[in-house]
Every structure is written in structure tokens, then in C-alpha cells.
Amino acid sequence: MTKTPRGAQEILADQFRLTAELSALTGEYHRLLQKVAAAGFARQMAEDEPGAALVEAERAEIAARLVAETCEEKMQDMEKQLSALGQELKALKRGSSDE
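Residue numbering for the sequence shown is 1 to 99, as defined by the numbering used here.
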């Protein structure tokens, strides 16, 4: 089975879609970073009274950090995809200039 090469319009459409998704995810990531900071502050405030409140604050901070890290990994993956699309477009342009 031969895979037909994608055209520039398809690649550009994918780039546009992915850029829009990455932009939205970046906004979400910044919101999550604020949540991590707030959870860290809550943990610091709970350190004065060790016990259940401190444990819960520590858990909330860890959970917030893990969610933010997961989001960051998704963003990095999307950036790699964008780079690959750029390379695909560059190869397509090189191929059309050779003809």
C-alpha cells in the first residue's frame, strides 16, 4: 500500500489546528501553575499546625504539581508535532523546487 504524500494545504491545516490547541493548552498550563502556587501557599500555612490539615495540603500540592507536569508533557509533545509538520512542509517545498 503506497501512502500518498500530503499537500501543503493539509500540512498547514494541521499546523493551524495544532497551534490553536497548543495555545489553549498553554492557557490551561498557566492556570495550573497558579493552582500549584496556591497549593504550595496553603501547605506553608498548614505547616504551623501539623496533622491532618498539613497532610491534606501536601497531597493537594503534589496532585496539582502532577497535573501541571502532565500538561507540560502534552505541550512538549505538541511542540514536537509542530516541528515535525514544519519539517514535512519544508521537505514538500524542497521536493517541489527540485522538479
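Calculated from the structure, these hints are not laboratory results.
Just to be clear, a hint being listed does not mean it is correct.
[Claimed, not checked] Derived CB-CB ranges, DEER-like: (1) GLU58 with GLU79: 26 to 36 angstroms; (2) THR70 with SER23: 10 to 20 angstroms; (3) LYS90 with ALA53: 51 to 61 angstroms.
[Claimed, not checked] Pairs of lysine-lysine residues, derived as PhoX-like cross-links and limited to a Cα-Cα distance of at most 25 angstroms, are as follows: (4) LYS80 with LYS93; (5) LYS90 with LYS80; (6) LYS35 with LYS74.
Beta carbons are placed, not taken as given, at the ideal position from N, Cα and C, and that holds for glycine.
If you test the structure against every hint from before, which numbers come out violated? none
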